[in-house]
Every structure is written in structure tokens, then in C-alpha cells.
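Asker: Here is how the chains run, residue by residue.
Protein chains: 2
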Amino acid sequence: MAGWVRYISIAPPNLQNNTADADRLIGELKTQLNTDAIDIDLYLLKRLPDLLRRCKYNVNCILFKDRERWLVTGVAHPQDINPIYGLAVDLGTTRIVLRLIDLSTGRITAETSSDNPQIPVGPDILARIHFADQDGGLNRLNRMIIDGLNQMIIRLCDSCKAEPYNIYSLSVAGNTAMTHFFMSLNPRWMIREPYIPVINRPGLIKAEELGIRVNPAARVLIFPSVGSYFGGDLIAGILFSGLNKAEDTAILVDVGTNAEVVIGNRDWLVACAGAAGPALECGATKIGMMAGPGVIDQVVIDHDTYNIRWHTIDNMPPKGICGSGLIDLASHLFLCGMIDIKGKLVPSVCGSRLNEKDGIRHLVGVPAEDSATGSALTISQADIDSLIRSKAAMYAILETITSSVGISFKDLSTFYVAGTFGSFINPRSAISIGMLPDLPIDRYKSLGNSSIGGTTMALTSSKCLDEIDGIRGRVTYLELNVNQEFMNRFSAAMFLPHTDPLLFRSVKVRTSRNPQ
Amino acid sequence: MAGWVRYISIAPPNLQNNTADADRLIGELKTQLNTDAIDIDLYLLKRLPDLLRRCKYNVNCILFKDRERWLVTGVAHPQDINPIYGLAVDLGTTRIVLRLIDLSTGRITAETSSDNPQIPVGPDILARIHFADQDGGLNRLNRMIIDGLNQMIIRLCDSCKAEPYNIYSLSVAGNTAMTHFFMSLNPRWMIREPYIPVINRPGLIKAEELGIRVNPAARVLIFPSVGSYFGGDLIAGILFSGLNKAEDTAILVDVGTNAEVVIGNRDWLVACAGAAGPALECGATKIGMMAGPGVIDQVVIDHDTYNIRWHTIDNMPPKGICGSGLIDLASHLFLCGMIDIKGKLVPSVCGSRLNEKDGIRHLVGVPAEDSATGSALTISQADIDSLIRSKAAMYAILETITSSVGISFKDLSTFYVAGTFGSFINPRSAISIGMLPDLPIDRYKSLGNSSIGGTTMALTSSKCLDEIDGIRGRVTYLELNVNQEFMNRFSAAMFLPHTDPLLFRSVKVRTSRNPQ
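Residue numbers (my numbering), protein chains in the order written: chain A, 1 to 516; chain B, 1001 to 1516.
Chain A on its own, in the form it takes in the complex (with noise of 0.2 Å):
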């Protein structure tokens, strides 16, 4: 196996073999593992020698690895009652999700999440790096982090009786910017031409040094970026996907305010990053919210009662609607004519679900009466607007890459979907609103949160943890220049679902009728 606890049986000393006690288990590691470069972390050492002696010289040892170089981080009882655990991290702008693996059987022992702790400073990563470029505005972004992850850390442990000191190895995945902040790096030349990270590849990093507080001897895994624009989450969800172990061609997007894609296969791999603007992540509507109790993550639309039902989550009265709830609700809006193929809200179809705000119509999606908040939830022509725009920049990012390696849709074997809010798209939905191609349902695969699935591949297996580096080297980022190319698929993609209804021929509007 190929995972990170190693059980190790030494002989013990004698005059014949008196070397010391590190470079014995270090020898009889070299044989197994089959290398030269194994060290051995200098707060281990302090307690190597009565560690051996108690265990009989029969341990486990628990490694981590940074690129050729293997590193013994603990030893333990191979009777010893408390786990050897991991954790993984998924360092993501809005949520942070934590989950600690058992090292020794690769099982995921709990799972928690919070809300990014610098959203104080700004929810949108680029306020943040401003902030950071102000005195002692980095440090203060980097201890926000931190210390937050020290509290969710024993939170944690806590919820599943563990002791943080029995974590050895961390495996941290973010966007490239969020990589920075977790470091202590001041991210201000990504955000000025020609947008430069200070590192792609931080390898492996002492929990110490960065102020985690687990095992003293406890490694950190950062996943490598790309670059400023594509950082170590989607190489995480790269990872996850195993996208660069297929034979066949598929995609990988992660749906957020970025929309970040990767098309390729075993042999290439060609990604990009575009703006798809906040509609896709709730953050342009009015009525729109993060996934949550109480909010409407799914829409059905009686085609002839126009009667709208919704679904929360956790069944609770409706207080907002998220990104996937949004998109079932324009699919719908469209499909039974209620908007028409600009988008633009129909009076006569809508009838008396209209009203109209500061000269701006509204359609309520949710009574007063029905409402958690006592009032009507309503749509805006604004909001259903600002959706359209991100649905085309995500269309046209789409159409861009796989031209750009000529390859058509119908070429795709899997479309996998990711992002914590992506993975609950409806493919349905978005195939009709025009935001994803029109591929029969069951390519379309949603990956959940791909950051943390990847990132808890790397503590189960040292063989993935060299597959990363491979993903990182193979990837080739194409700059997305917003080129008139791309302003002209862009501009086709305004429509619903698009001006060529050949490219959607699954999607079937209702033909006009009276209204309700």
C-alpha cells in the first residue's frame, strides 16, 4: 500500500550494528520505500531513541513526502490507541472546510466548515488584496486565518475526541491568493500587470513556521498554483477528478464568481479562468444568499398553472435563493415563457406575479405570506440580467477552450461540474438557460467540492502527492484575453438559450398560449 503510515520492524542494536538509532530506521526505510533522500524532523529525533526502545524497535512511522525527499514526521506504538491522523484543508474565499483522515486507514474521521474569516475584511478576494497591501494589513489577513484555523482545528478534534497534537500532516488547497494570505505573502503584484504570485510551488512547509498548531513535527502540503489565476484548489480538483488519468477528453469547470475550466486528458491538459461575474454565486441579487437553511436551492414551474414551487434546504419557510435555485428559476422562467429569449420578463405571461420597483419590474417568486422574512421574495429584470451576462461569459470561456483545442462539445466523454454551489446545479437547467452545452444528461457529473476531495486524496496515498506535481507540470494555462473573439461569443450567448437554437436542440419552449 501506498499510504502514509509505515510499519517498520528494525534489529535491535548490538556491537556488530551500532550505527545510530535515526540512520537505522532511516536505512530500513530507504529499503522499503525505495529511495535515498529520507530526513527526519528534528523534534521527532528529541524523542526518537526511548520512542524505539518502548516500541520494541516495531513502529509505525508516519511520512510525508516533498517531491523527491521523504520525511519521517512521527513514530508510534504499532498497539497505540490513538489515530495517526491528517488533515486536509480547502481554503476556499468564502468557506473554509476542514476534514481529518485517519492516516492509517485513509477514512475521513470528521468533517467541519466555517465562513472564511476574513470575509470582515472584504467577501471578495480582491478587496483582500488591497487590504493586505495597507500597514500590517497582510499580517492581519494572515492571523485571521490562522488563529481561524487553529479554533476550527480543536473544534474539530473535539467533536470526534482527537488531539490536534496527534495531526502529523496538513494538506492545504486554495486559490493562488488565499495560498499567499496562508503563508504570510503579500499577493500585490498579482493584481498588476503582468500579475506575478511571489511562488507557484511552496512545497512542503512546517505547521510551526506558518503557526498551525498541531504535532510540533507536522508537515504542511500546499497544493502549487498555476498561477495568479489558477491556484492550488484546481489542481486539487484536477486531482479529484482524474481528469489527467483518463484516455478519454473531458472537463472539469469549477462554477463561481471565476469560472475555472480544464479540458484535457492523460496526455495534456489546457485550462482557463475567466470572470463570470457574482450572479452564479448569488452575490449580484438582491434576494440571492449562500447555501443555508432556508434557502430555495431548487425550482419547479407549473408550465400551465405558472404556479412556482420551491424547495429549501432543510425544509425551513424561504428566506433567499441560491445560485442553483436561481438557475432552475430562469430555466423555468424561460421555458414556460414567462421571459423571453433576451431574458426580458413577459407582462402578459407573468400577469399579476409583476410588479414594478423604482421603474424596474420585479416577478415574485415567493409571497409574503409563504416568506421566512414577511415579505415578498422577487426577482428583478436587474437580476435576471446580471444572470444572463454570467451565464454567456461562462458559455463563451467554454466555447473559447475547447476551440481553442479543437474540440466540439459532443467530443467531451465527462462534464464534470465543481465548486461547492456548482455541484448543485441542475445540468437540466443550466443546458436551458444556455449556460452549459447541450450534452446528453448523463455526461454531466457533479463533483461536489473538489478542493477538499483533492486534498484528501493527498494524505491517503503518497502516490497521488507525486501525481500533483505531474498535473501542475502538464497544465497549460491560456490567457484569456478578451479578444473580439470572444466578445462575439460572448454577445451570441446573451440570448436564451443562444441566437443559434441549433446549438441547444434539446430545449423546448413552450409555445406562447394565453395567460393564466
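Take these hints with a grain of salt, some might be off.
Which bits of chain B does chain A cover? Going by a derived footprint, with three or more residues having C-beta under 8 Å, they are [stated by the list, open to error]:
(1) 1042 to 1051
(2) 1067 to 1074
(3) 1195 to 1202
Derived by calculation from the structure, the hints in this document are not laboratory data. In this text, a Cβ means the ideal position worked out from N, Cα and C, and glycines have one as well.
Fit chain B to the supplied structure of chain A, relying on the hints for placement.
Answerer: Showing chain B alone in chain A's frame:
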């Protein structure tokens, strides 16, 4: 050149080449150094973007190396007037020696030495090893050496207007126990059969992790040891002597309480160590002391008048005698017949210079009126007996190691004598008493403090660093079991110069004549 400071010029970033700052620097270094493995310290990384821009992408990189992996610990402006320093450290049981090296030129900027601050715990290493095993003992010994080093570093830097912050690399050599104290590793198993150190090859450790206050990114190279009785100081000595690169076979002897011997050439190296007793370092004689002002370091006896003439360090009135003076004295006493071939004082020759205290004969070396102490400086029969045991042990060790490799003394191209004290031995005198073999005087080469010599070399060239591991890997350690053969050799060497006069043909003892 193979030094640790390399001038690197990288193209400023542009949209076509917008990889990260660190990766661009590392990429250029990889080309220059022809390697794939280069890391950069996190502390430096935080400052790198500003440094690169301030230097317009033309910088001096400060490097160090951990086996196959290079590490960037600093980046400096090529016109910076502050030198880039390295610090060579000889961690002697008795004396600590520090040298500040200009890493750009390889030149020695300043040097200082100080008593080992652990001496109050115990002058010999064994006492300290026992002390380390008591509650809090190891920590106290570690603090003594680390605090002591930090104070010495400040003094050393003050003496030449340098800043500890500008020290980027350290190379440290000591015996295996001192190396353990330095790293806060408990050497308890080194003195219990089968004599196991914690680690022989510690590699590169962060100075900060060891508590050394220099540049926060600085790394410490700790010279590897072969085992409990053959430490990094001797590896440094071999490096300094060049024994490992010569075609002809040579021998290196580090004279101290332990006699540590290495024989070999560029193809093989065989080492052994054995207790020579404290007499050679003057630990056993009443008037013996470490070299210092007023200490007799050279002695001549007029063979006609039996007048004893002495030279003291700094020409101060004599207050004691050091090892080299003692060997001179014994040699002349023997050559002019004042002691016999068993080392016994001959009353008929010594005459009035002899007196008796507590039934033991004493020879007055310095009369009270000439001495700095106001009392006569005398050497007792017991002192001479102790010296003879030490010289016999030394000769038996030399015979054992040469015969074990099938080499006779006359085949040795060079006989290196090292050690703070050993370097001052007059080989003629050492031959006369049968401590060193009867070789032409020009075969003897005094190396001075070869440990600080070797650590200095490690800071001047990356090639030397590769050599260290090569030396360590090639040393075969010969366990000097005190067997019957060794005891026979020891007994035969208990005479002056030896029971077999044919081994010391050059030694001509004055035939007895009437006393003065």
C-alpha cells in the same frame, strides 16, 4: 566558481513570462547549478518580491546545500556594502572556536574562541553525558552551549562591525556528544553497550530551530559522525587534511584525551579512536595546564650542564606546563639520562634537582625564584609514569591501525598531527619518547585546529560539502577492542622509546657519565 554566493540575473516579468517571482529565480538557479532540486526559505520568500524589484532582478543569491537539495537562504543587492557571512564553529569539549567567513570571497573576517561553557558541569564529556540524563540536565547543557554561542556571535560581530543578521550559513563540527548537546539530543545510549548515538547524519537544520540568533533563514550544517567515538570534528579534520583526495596513503592523528586516528587515501579510509589518558592534555599532572600566557610550551635540557631551559607563552614567568612542553621535557630527561628506559628518575644523574614528597620523587623543573607561583614547579615520578602510559597507548593504537590495514609506518607519505594541543608537539621529542613513529621529520605536518579548518572549508565551496558525505561514507571504523595483541603492543611501548630499539634508530641516548 563553486562558492555559496551566486550572481543571478533574470529577465523582468512580462505577460509572456509571468510565472511567480520565486519560481523564476529558482528556474534560473536550476540552469546555473544544473540541478532539479532547489528550495527557498519561507522567511526569505516573504521579502523576495520587494528584493527582486529593488535589485532590478539582478541579485546575489546566498545558497546552501543539504545533500542533493540546494536551498536559497538569502538574496542581496550586488552592490550591497554589507558582506554576506558564514560562521564556522568548532564545538570542542574544552574550547569553542568561531570564525566569521566572508561567503563571497571565502576569506576569514574574524575569529574568536572561548572555553566551552559546559565545563562547570564537568571538564570531561562523560560527566556531561551523565548530567544530561538527570532531570532537566540535557536542557541545561543545551542552553549553556546555545546561549554561549549566541554571546560569542555578538562579540565576534561587534569586533568587526558585522551584524549577526548577515550570517546566512553555519557549519558546525564537534565530537558526537557535543553535537548531541548542540541539538538537544540525549546521548545516554552512547555510553551504554552497544553505544548508540541518536543520529549520525543530521544534515541541514534551521538555525532558528536550534536557537541560534543569526539571519532567520540561516541553516546550520552539522558535520556527520561515524559513531559514538568518531565525531564530526574528525570528519572535518579529514576534509581539512585532504587525506581523502591523495593518491599516497597518509595518516591523521588528533591528539587529545582520546587519540583519534585515520589512515587512508583517495580510495579508502580506516579510522579508530582509543583512550590515550589525560596526560597528553596535562589533565593528570599537578603542574600541567592548558596552553595560555605563562605556560611552558617548549623545553630544552643542556646535555652537558643538565640545565633546564624553558619557553613560555607570551614570555611570562612560568606557572605550569602544557602537553607539548611536557613531551619536550620527558624527551630531554630521557636523552640525557635523567630518566631511564622505564621512565624512572635517575638520582645519580638528576642530583640536587631531585627531592622527595610523600615518598614520591620530584624533579624541580623551575626553581621557586623563577616561577610565577612563588613555589618551585616540579614534575613527579607519577606524572612521568602517567605520560608514559599515554604515549604507550598512542603508539599501540598507531601500530594496531597500520597493521590492520597492512601498512608499515615508513609507507606513510605524510603524518598529520592535529588538535589544539597536538599541533604544538615537537615531533622530534614525540619520537624520542616513542610516542610517534621514527619517521623523517619532514613527513610530520602540523594541522593546527583541523576541525575549524574543515568547517571553514565547508563555507567556501559547495564541492567541499559533497566531499563531507563522501568521506563519511568511506570511513571504516575499526573497533579498538582492548585484546591481548593490543595489550602486548601497549606493554612493549611502555619503555623509552620502546622495547625494540630498532624501531627508533634515530633516537640516540647520551651515554651515562658523572653527575654534575
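Asker: Compare the structure with the hints numbered earlier in the document and write down the numbers of the violated ones, lowest to highest.
Answerer: Of the numbered hints, all hold.
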